[in-house]
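J.: Starting from the two chains in their separate frames, assemble the complex, guided by the hints.
Chains A and B, in that order, give the protein sequences.
At position 202 of the first sequence (counting the first as 1) the number is 202 in my numbering, and the numbers step up by one without a gap.
At position 1 of the second sequence (counting the first as 1) the number is 1 in my numbering, and the numbers step up by one without a gap.
Worth flagging that the hints you see were computed from the coordinates, not collected in a lab.
Please note: incorrect hints may appear among the correct ones.
Said to hold, decoys possible - Which residues of chain A face chain B? A partial, calculated answer using Cβ under 10 Å:
no., residue
1, Glu41
2, Val47
3, Ser199
4, Thr232
5, Ser239
6, Lys427
Glycine residues also receive a C-beta, built at the ideal position from the N, C-alpha and C atoms.
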Amino acid sequence: MSSRNLLTTFAAAAMLTSTAFPSWADKATDTLRVAFPKQLESLNPYVATAREMVVMARHVWDGLLYRDPNTGEYLGNLAKSFQWVDETTLEFELREDVVFHNGEAFDADDVVFTLNWIAEPANGVSNQSTVNWIDSAEKTGPYAVRLKLKKVFPAALEYLSGPIVMFPKEYFNEVGPVGMGLEPVGTGPYRIVEVEPGSRYVLERNENYFAGPKGTPAINKIVWKTIPERNTQFAELLSGGIDWIWQIPADQAEQLGYGYTVANEPTMRVGYLSFDAAGRSGDNPLTDFRVRKAIAHAIHREAIVDELLKGKSKVLHSACFPSQLGCSENVVNYDYDPERARQLLTEAGYPDGLTIPFYAYRDREYAEAMIGNLASVGITVDFSYMKYAALRDLDHSGEIPFKFMTWGSNSINDVSAITSHFFRKGKDDYALDDDVADWLEAADNSIDVELRTANYEQALKKIADEIYWLPLWSYNTNYVYINELEFKPYPDEIPRFYAASWK
Amino acid sequence: MFIYTLKRLLLAVLVAVTVSFISFSLLFLAGDPAIAMAGEGATEQDIEAIRSLYGFNRPFVIQYLDWLLRAVSGDFGDSFYFKTPVIDLIAAHLPVTMTLGVLAITFALCVAVPLGVLAATRPNSFVDRLCLFFSVMGQAMPSFWFGLVLIMIFSIWFRLLPASGADTWKHFVLPTIVLGYYAMPAIMRLTRAGMLEVLSADYIRTARAKGLSQNKILFKHALRNAIIPVVSLAAVQLGFMLGGSIVVESIFALHGAGFLAWESIARNDFPTIQALILVFSMFYIVFTFCADVANAWLDPRMRVN
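Next comes chain B alone, as it looks inside the complex (with noise of 0.2 Å):
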C-alpha cells in the first residue's frame, strides 16, 4: 500500500510539474505578451518598457523556473490587471466557487444516485431507459445552453429565481442545478452498474432467501457496497467542476474563480491565469490522487495491478 501510493504521489507530482509548464508556456503562444498587455495606442517605447518592467526579455527557461520556485512558495506575482497579489485575488474569489462546487456535486449524487439504483432494480425497462435518457442529456447539452434556458424559463417567464449575481442563497439554484446535472451521467451509471453487479452477488440472493425487505436489502446491503467506487469518482467530479466552472460562473455573473478566469484571459493577465491554470489543476490532481488511495485501500486488487 506504502509502495503504490508512493507511486501515485510521484506521479501526481509530475502531472504538476508538466502543467505548469504547459500552463506557462501556452500564454507565450499567443504572442509578445508585453504587446497584449500594453494595448492597442501603445508606442514602441511604451512596450518596451512594460517587457523590461515584468522581465519578459529574459531567457524563456529563465522566467519559468522563477515563477515555478515563487509559486511553489505560493507567490504568484501581482496580476497585470488588478495590480494586487495574485494569491489574494484567488483566496477572495474560491470562496465562491468552493461553495457552488459542494453545492453542485451534491446535487448530482443527490439526484444519480437514486437514479442509478432506480435504474439498476428495473435493468433494459423503460425506468432504466428513462433515467439513462435523463442522464446522458446532462453530459450532451452544452452549460451554457442549458444554463441560458433555466434563465428563460425561471428567471424570465416565471420570475421565481434571479439570473445572475451571489447576494442568497437563491442566486445559487440555477448555477447548481446547470454544474451538477453534468456531473450526473458518470454517477448514475457507475451507480447502476455497481448496483447491478451487487444485487447479483450471493450475499444480497441469501438476504433475499432469509425474506428481508426489497428497501433493506436495495439501501442496507446492496448499495453500501455499490457506492465506494462512486465517492471516489464523486470526489474526482469535485475536482472537476472547481476548474470547469468557468462558464456557469460567467452565465450567472458569480465572481468565482471561474469568473476570474475567465476576465483574466479575456485581458491577457498572464500570472492570474497561469496561477488559476495551477490551482485548478491541482485541485484535480489531488482529487485523482485521493481517489486512487482510497479505492486501492478499499480494493486490494488495484494495487497489485
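Next comes chain A alone, as it looks inside the complex (with noise of 0.2 Å):
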C-alpha cells in the first residue's frame, strides 16, 4: 500500500470515528492547541525562516506597519503614520502608548536600534533579502523615525508590515540575539509564557495590548505544538489533543466528518513551466515559439486544477500571482487543444513527434499528469526528478531547456518578488528578452504605482505573447479546526489566532 493510500486510509477510518466520539474542544480553559509540523529553530524572528516563525512572530510581535489582509491597504501599527519624503526616504510618527512585554516602554530608540541592527549584515539576519534594502535609520523625536533606503524599493511597505518587527533595544542589549530566541519578548497580542525549545510554547493574551488594527485577542491562551507527521496531527485532532492543523492534502481533508472544519484558500505560491527561449542549454526545440505553444495547448490545465489540486487553486495565465501588485491579466490565454498542438508541431518541422528532456523538483504526480499530456500530442520527455538545490545548481548554469517549477514570491504582495526575479537578466533567466528586462527595471524602480502597473503590464503582455512561461497554476492549502472555532483563512498563508474565538 502506498503512502499517499495509506493517508487516505487512515483519514477514513477516523471520520468513522471521529462521528462517534465529539471533538475535546479546550473552549471551556479558553485555551486554543495548535500543532504545527516544522520544529522552530529558535524564536528570534531575524534567525528562524520557517513558515512557523513568520506565523510565530505575527502574535508576539508588530511592525510599524499593518497591511489589512482584507483590503490590501498598509496601515500605522507600532507607527500612528508614515510618509514618503522622497523615493529612497520614509518617516514614522510613532504610537507613544506602547509597552514591551517585560514593561519597557517603546520608543523611537527602539525602531532606530532594531533597524540599524538587523540593516548590518554583520550581525546575520537569516533572510537578508528582507532587510538589505534598509540603508539607516535615524531618530528625528522621541516618537519619530526616519528611514534610509539604499535603492528605490517598493516593496519596502510590505516588508514594513511583515518580517521586519520591532525589538526593545534595552533587553536585547541585555540577552543579545540567542537569549531573544530562547526568551522572546514583544509588543504583540500575544506573550510566550512557556518555553520547550522546538516543541512546545504557550502563548497568553497581552492584557497591555495597545488599540492597533490586529485588535484585542479573544483567546486566552495558545497552546503550540511540534507534530511533524501529518497523520498524527490527525489523530491528536480526532482524539481532542489539540483544535488546529493546516496544510492537510484535499484528498485527506475530504474525509472529515462532522465536528471539525475544513477552510480551503489559495496561497501565493505558482506553479510554472519554463522554457529556454534563449537557446542558453544550446541549439534546443524550446527556442522555436511554435513548439513552446504546442506544448501551451497541449496542457490540460484545468483538469490537473480539478482533479488533483483541487480545493480553490486555479489557472494562471500570467507570469505572477493575481493579488501581487502590478500582476495583470490581460495577456493572452492558450486553451486546451490538442488537435493544433499537433498541427504546431508538425509546421516546427516535428510530424513524428520529439523527444526533449524534462526537470521537476516537486509534486511528481502534477509533472506526470502533463508528461501524459505531451505525449498525446507526440511529445515524449527524458524526465529528471531531483532535489531542489541539485536542480537549482543546473538551473543556474543555464543547462535546463524545460522544467516544471513553483514559485512562493516570499509572500511578498508585488509582482518585483516573481517577474522581475525571472526575468531581469540573471541566472534564473531563459528568455534574455530586453524589452521585459527594461520594463521590469523601469517598474522596480519606481514607487509610482501607475507607471509600475503600466510597465508589469508590458512585460508580463510580452512573456505571455512569447510563450517564456507557461503559468500552471496557483496552489492552496486547507486548515482544519474544531467547529468550535472561529477562524478566517487568508492567502498569504498566516494564521491570524489573534483574530480568532469561540463560537
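T.: Written out as C-alpha cells, the structure reads:
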C-alpha cells in the first residue's frame, strides 16, 4: 500500500470514529491548541526562517506598519502614520501608548536600534533579502523616526508590515540574539510564557496590548505544539488533543466528518513551465515559438487543477500571482487544444513528434499528468526528478531547457518578487528579452504605482505572447479545525489566531 | 583472546572511518549545500556568501579532514539551522532516544524470550507456528504503519494513550511497542533455536532422568545456556534501535535524536546530519564490537575461526 493510500485509509477510518466521539475542545479553559509540522530553530524572528516563525512573529511582535489582509491597504501599527519624503526616504510617527511584554516602554530608540541592527550584515539576519534594502534609521524625535533606503524599493512597505518587527533595545542589549531566541519579548497581542525549545510553546494574551489594527485577542491562551507527522496531527485532532492544523492534503481533508471545519484558501505559490527560449542550454526545439505554443495547448491545466490540486487553486495565464501589485491578467490565454498542438508541431518540423528533457523537483503527480498530456500530442520527455538544490544548481548554469517549477514570492504581494526575479537577465532568466528586462527595471525602480503597473503589464504581456513561461496554477492549502473555533484564513498563509474566537 | 579483540577493534575503527567518509560525501551528492541552505528566494550573492562563510568553496578532501579532526574531539561545528553547537543539540535530544531504545529492547526481550521458550518446548506444533507468526508479523509490518494502527486504536478509538509527545510514561507506551516489536523476531527465533539445541543435550536428558521439574529444567538449566547468544544479539539490536528510531520518533512526535535527524534532513542541516549519522553508526559499531568480544569470550571456538 502506498503511503498516499495509507493516509487516505487512515483518514477514512478516523472519520468513522470522529462521528462516534465528539472532539474535546478546550473552549472551557479558553485555550486554543494548535499543531505545526516544523520545529522552530529559535524564537528570534531574524534567525528562524520557517513559515511557522512568520506566524509566531505576527503574534508576539509588531511591525511599524500593518497590511489589512482584507483590503491590502497599508495602515499604521507601531507607527501612527508614515509618509514617503522622497523615493528612498520614509518617515514614521510612532505610537506613544505601547509597552513591551517586559514592561519596557516603546519609543524611537527601539525602532532606530532594531532597524540599524538588522541592516548590518555582520549581525547575521538569516533572510537577508528582507532587510538588505535598508540603509539606516535615525531618530528625529522621541516618537519620530526617519528610514533611509539603499535604493528605490517599492516593496519596502510590504516588508515593514511583515517580517520586520521591533525589538526592545534595552532587553536585547542585555540578552543578545540568542537570549531573544530563548526568552522572546515583543509588543504583540500575545506574550510567550512557556518555552520547550523546538517542541512546545505557550502564549498568553497580552492584557496591555495597544489599540492597534490587529485588535485585542479573544482567546486567552494558545498552546503551540510541534508534530511532524501529518497522520499523528490528525490523530491528535480526532482524539481531542489539539484544535487546529493546517496544510492538509485535499484527499485527507475531504474524509473528515462531523465536528470539524475544513477551510480552503489559495496561497501565493504558483506553478509554471519554463522554456529555454534564449537557447542558453544550446540549440534546442524550445527556442522555436511553435514548439512552446504546442506545449501550451497540450497541457490540460483545468483538468489537473480540478482533479489533483482541487480547492481554490486556479489556472493562471500571467507570470505572477493575481493579488500581487502589478499582476495584470490581461494577457493572451492558451486553451487546451491537443489538435492545435499537433498541428503546431508539424509546422515546426516535428510531424512524428519529438523528445525533450524535462525536469521537476516537487509535485511529481502533477508533473506526470503533464507528461501524459505531452505524450498524447507526440512529445516524449526524458524526465528527471531532482532535489531542489541540485536542480537549481543546474538551472543556474543554464543547462535546463524545460522544467516544471513553483515560486512562493516569499509571500511578498508585489510583482517585483516574482516576474522581476526571473526576467531581469539574472541566472534564472531563460528568455533574456531586452524589452521585458527594461520594463521590469523601470517598474522596480519607481514608487509611482501607475508607472509600475503599466510597465509590469507590458512585460507580462510579452512573456505570455512569446510563451517564455507557461503559468500553470496557483496552489492552495487546507486548514482543519474544530467547529467551536471561529477562524478566518487568508491567501498569505499566515494564520491569525489573535483574530480567532470561540463560537 | 587479546589478538582477536585487537582485530575486531581495528575492524570497528575502519568501519567507523568508512561510515564517516560516506556520510560526509552523501550530503554533497544532493547538490550544492550552499544553494540548499540559501533557500528559494536567495540571490547569487547570498549563495556565494554562504559558500565562503561555511567553507564550501574549499577542496572536498580538506573539508572532510577538517571535519573529521574536529569530530574526533567532539566538535561537530554549529548547526546551520539551530545556530548552536551540534554536540549540545545531540546531548539534548539523546536522552529521549536512549529511554525509548532501552524500553523497547526490554519489552522485546520480555515478550520474545518467553515466546521462544514456549515455541521450543512444542516444536512444529500449532503453538510454535503461532509464536513464529506473531514474531514475523513484527518484522513484516512497517513501523510507521504499525504505529498509526496503534494510534488509531488506543488514541482515537479508546482514548487510553496519547498519540504524541514525551511528557509522561504514557507517552512512551505506544512507541516502545512499535520499536520493540520490530526487534522481536530475531530474538524469538534465536531463543527457540538455542533452546532446541540445548534441550537435546545430554545434560538435560540427565536432569530429566534425575526427575527435575520441567520448569526447573527449562529455566535453570536450558535457558541459562541458550540465552547467551540472545544477550549478544540484544546488544546489537539496541544499537539498531538507537539509530533506527527516526520513523517511530517522528510518528509519535518524540523529540529525540531520531526526530532531530528527520528535521535536519528536511532542512539540509549538514553538520547535524553528519554528526548524527556518525553517532548512530558508532552506537551500532560499539555494540557490535562488544557483542563479538562477549561471544568470543563465552565461546572459544569463535576466536579460532
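J.: Identify whether the interface hint at Ser199/A stands, where standing means a beta carbon of chain B within less than 10 Å of its own.
T.: holds (5 Å)
J.: Closer than 10 Å between Cβ atoms is the bar; does Thr232/A clear it against chain B? Give me holds or violated.
T.: holds (5 Å)
J.: Does Ser239/A pass the interface check with chain B, least Cβ-Cβ distance below 10 Å?
T.: holds (5 Å)
J.: May I ask you to test the interface hint for Lys427/A with respect to chain B, counting a Cβ-Cβ separation under 10 Å as satisfied?
T.: holds (6 Å)
J.: Are Val47/A and chain B close enough, Cβ to Cβ, to be under 10 Å, as the hint says?
T.: holds (6 Å)
J.: Is the interface hint for Glu41/A satisfied, with its Cβ closer than 10 Å to some Cβ of chain B?
T.: holds (5 Å)
Going through the hint list in order, the structure satisfies each hint without exception.
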